[in-house]
Amino acid sequence: MALDTSIKVLVVDDFATMRRIVKGVLKQLGFKNIIEAEDGTAALNELRKEKVGLIVSDWNMPKMTGLELLKEVRADEELKSIPFIMVTAEGQKENVIEAVKAGVSNYIVKPFTPETLSEKLEKVFQR
Amino acid sequence: MDLAVAVTLRREKQRIILVQSQVKQILSSGAPALKITSVGDTLCLHVQGETAEVINLNASLDNAPFFVILEGQRALAVDDYEFLFRLKILSNGCVSGWDVNGNKLIGKLFDPQKEQGEEGTPIKEACKADSESISTTELDSLKEILKRLKKGEFYEALTMELSERIREIADEMIACRRDLQKRIEPSIVGLAKNEIPETSNELEGINDTLEKSTMKILDISEGVLAECMNRLEELDRIYSELCAGVERLSTEISAVGPEQARGIKTGVFTDLKPLVDMIARDRKAFEKIRKLSMNMTEPLCFQDLVGQRIQRIVNLVKTMEKRVQDLITSLGLRIKEYEMESSLHPEEMATELGEDRSLLKGPQGEGKGLNQNAVDDLLASL
Numbered sequence: 582m583a584l585d586t587s588i589k590v591l592v593v594d595d596f597a598t599m600r601r602i603v604k605g606v607l608k609q610l611g612f613k614n615i616i617e618a619e620d621g622t623a624a625l626n627e628l629r630k631e632k633v634g635l636i637v638s639d640w641n642m643p644k645m646t647g648l649e650l651l652k653e654v655r656a657d658e659e660l661k662s663i664p665f666i667m668v669t670a671e672g673q674k675e676n677v678i679e680a681v682k683a684g685v686s687n688y689i690v691k692p693f694t695p696e697t698l699s700e701k702l703e704k705v706f707q708r
Numbered sequence: 164m165d166l167a168v169a170v171t172l173r174r175e176k177q178r179i180i181l182v183q184s185q186v187k188q189i190l191s192s193g194a195p196a197l198k199i200t201s202v203g204d205t206l207c208l209h210v211q212g213e214t215a216e217v218i219n220l221n222a223s224l225d226n227a228p229f230f231v232i233l234e235g236q237r238a239l240a241v242d243d244y245e246f247l248f249r250l251k252i253l254s255n256g257c258v259s260g261w262d263v264n265g266n267k268l269i270g271k272l273f274d275p276q277k278e279q280g281e282e283g284t285p286i287k288e289a290c291k292a293d294s295e296s297i298s299t300t301e302l303d304s305l306k307e308i309l310k311r312l313k314k315g316e317f318y319e320a321l322t323m324e325l326s327e328r329i330r331e332i333a334d335e336m337i338a339c340r341r342d343l344q345k346r347i348e349p350s351i352v353g354l355a356k357n358e359i360p361e362t363s364n365e366l367e368g369i370n371d372t373l374e375k376s377t378m379k380i381l382d383i384s385e386g387v388l389a390e391c392m393n394r395l396e397e398l399d400r401i402y403s404e405l406c407a408g409v410e411r412l413s414t415e416i417s418a419v420g421p422e423q424a425r426g427i428k429t430g431v432f433t434d435l436k437p438l439v440d441m442i443a444r445d446r447k448a449f450e451k452i453r454k455l456s457m458n459m460t461e462p463l464c465f466q467d468l469v470g471q472r473i474q475r476i477v478n479l480v481k482t483m484e485k486r487v488q489d490l491i492t493s494l495g496l497r498i499k500e501y502e503m504e505s506s507l508h509p510e511e512m513a514t515e516l517g518e519d520r521s522l523l524k525g526p527q528g529e530g531k532g533l534n535q536n537a538v539d540d541l542l543a544s545l
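For the record, the sequence lines run as chains A and B. Just so you know, we're using this note's numbering here: the first sequence kicks off at 582 and counts up by one. Just so you know, we're using this note's numbering here: the second sequence kicks off at 164 and counts up by one.
Since the hints were made in silico from the structure, they are not lab data. Careful: at least some of the hints might be erroneous.
As the list claims (entries may be wrong) - Anything over 12 Å on all C-beta distances counts as not near chain A; from chain B, calculated:
1) 183
2) 190
3) 210
4) 226
5) 262
6) 329
7) 456
8) 460
9) 462
Unchecked claim - Straight-line distance between alpha carbons at most 25 Å, and here's what the computed BS3-like set of lysine-lysine pairs gives:
10) A/632 x A/604
11) B/454 x A/704
12) B/436 x A/608
13) A/644 x B/454
As the list claims (entries may be wrong) - Okay, the calculated bits of chain B under chain A, using three or more residues with CB under 8 Å as the criterion:
14) 198-206
15) 427-434
C-beta atoms are modelled at their ideal positions from N, C-alpha and C, and glycine is treated no differently.
Build the full structure now, drawing on both the sequences and the hints.
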């Protein structure tokens, strides 16, 4: 299945530079409709305001972590089917297992290349 | 009258009897709660914040083994004492009673108005005057009462001793705290007021600078990328127009004859070849620049990774700051400008941040943690 680049993507990270980097890569991949949030709480507000087709989120954030956001999304009837990619510096085995248990769609370890993000997106949307 | 105390007055060798209502307390001279002072010839006892004057012993003489504290801030120095029960007032101003061993004692009743030693009947003589006996049951009962009284005295003495020790410990603690204050105040106050907050601010400053620098690099990278994309589009457009122009030319010249037209077309293509090759080379170069700009995103993640590490150190420094401030507060050190931070402390932040925070270890060092391939393998196995 070809990547549908018309969907709205939500990029969640407490570092403005990371949000910009992820957005830049997504734009290069053809995504034009990209919104941002700086933590899980702000992300949930965005998700409840408008329809989003993909979430790319960091884990370690203040107020609400990426894992908590993932759990909230999966527990919400309206949001639970949105693909969720965790992009994080947390590279321990237990982190990956915990994220999978919570229903993550894919997991990217920082630092990452544009190719890695592109490849994971394709895998997520192939399912 | 149920209970009395028969005492032998110090240096008088004379027994007198004190009824229960006259006696406040009996203390040994070594009791921790007792302080003995002398003012001139007067001997004074100080116990539990009260003072009693000894009325039968001169301060120049030695102390007695026991003191009986009387009502009215007076006291008697005595060599020994016995509790008496089953008291009976006799006609000659004497009192009879039974001691715990079953002996009947008779003595002169203590008169607070009279100087002691003026008169009194020796106990032995008094004993002879009364031959009334006491039963074994009554004697056992008396022994039990005395045992309880002795036990009460013991606990009272113990409590006094403990109170004294606790007061001494408290004094030592206060002295120690004052000493600590003197020793650590200058250095720790400096740390709490200036050095630790400065360190924390410096680190946060580094984070800000890193973020600004990364943003500038991203500006440049995105600028280069945008320019590349524009140039690539432009080259594609020029190439397409060139191809279309050649096609139009070949259609227009077809009227002069197929052979000549073919010759002209080949000539034009030969003439345009360097231009076409240049477009292809430029396109390749811009494509390479585009890829390089894209690849800059990976190393630019360093700001996020370094930032996270610095933030952990900032949190640690803030925790230290709180600990030092707690120490200062608990030791009562003086800091005029000391004010609590309005922002949350790291511990409170951690509480707010949720349960999974304990899983977060931050960016992994070289060779530590999982790389993307290992994560992919793990995901596949799950």
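25 Å limit on alpha-carbon distance, applied to hinted pair residue 436 of chain B and residue 608 of chain A:
violated, 35 Å
Against chain A, does residue 329 of chain B keep a CB gap of more than 12 Å to every residue?
At roughly 48 Å from the nearest Cβ of chain A, residue 329 of chain B sits farther out than 12 Å, so the non-interface label holds.
Take the C-alpha atoms of residue 454 of chain B and residue 704 of chain A, compute the straight-line distance between them, and say whether it is at most 25 Å.
holds, 22 Å
For residue 210 of chain B, is the shortest CB-to-CB distance to chain A above 12 Å, so the non-interface label stands?
holds, 64 Å
Does residue 226 of chain B sit more than 12 Å from chain A, CB to CB?
holds, 74 Å
Taking the minimum C-beta separation from residue 183 of chain B to chain A, is that value above 12 Å?
holds, 75 Å
Test the statement that residue 462 of chain B is away from the interface with chain A: the closest C-beta pair must be farther apart than 12 Å.
violated, 7 Å
Minimum Cβ distance from residue 460 of chain B to chain A greater than 12 Å, as the annotation requires
The assertion about residue 460 of chain B is violated, with a minimum of 5 Å to chain A.
Does the alpha-carbon distance linking residue 632 of chain A and residue 604 of chain A stay inside the 25 Å limit?
holds, 18 Å
Within the stretch 198-206 of chain B, is the number of residues with a Cβ closer than 8 Å to a Cβ of chain A three or more?
violated (count 0)
Outcome, coverage of the stretch 427-434 of chain B by chain A - at least 3 residues whose beta-carbon is closer than 8 Å to one in that chain:
This one is violated; 0 residues, fewer than the three required, reach chain A with a Cβ under 8 Å.
Taking 25 Å as the top limit, are the C-alpha atoms of residue 644 of chain A and residue 454 of chain B close enough?
Measuring from Cα to Cα gives roughly 36 Å; hence the hint is violated.
In summary, the structure is inconsistent with hints 7, 8, 9, 12, 13, 14 and 15 from the numbered list given earlier, while agreeing with the others.
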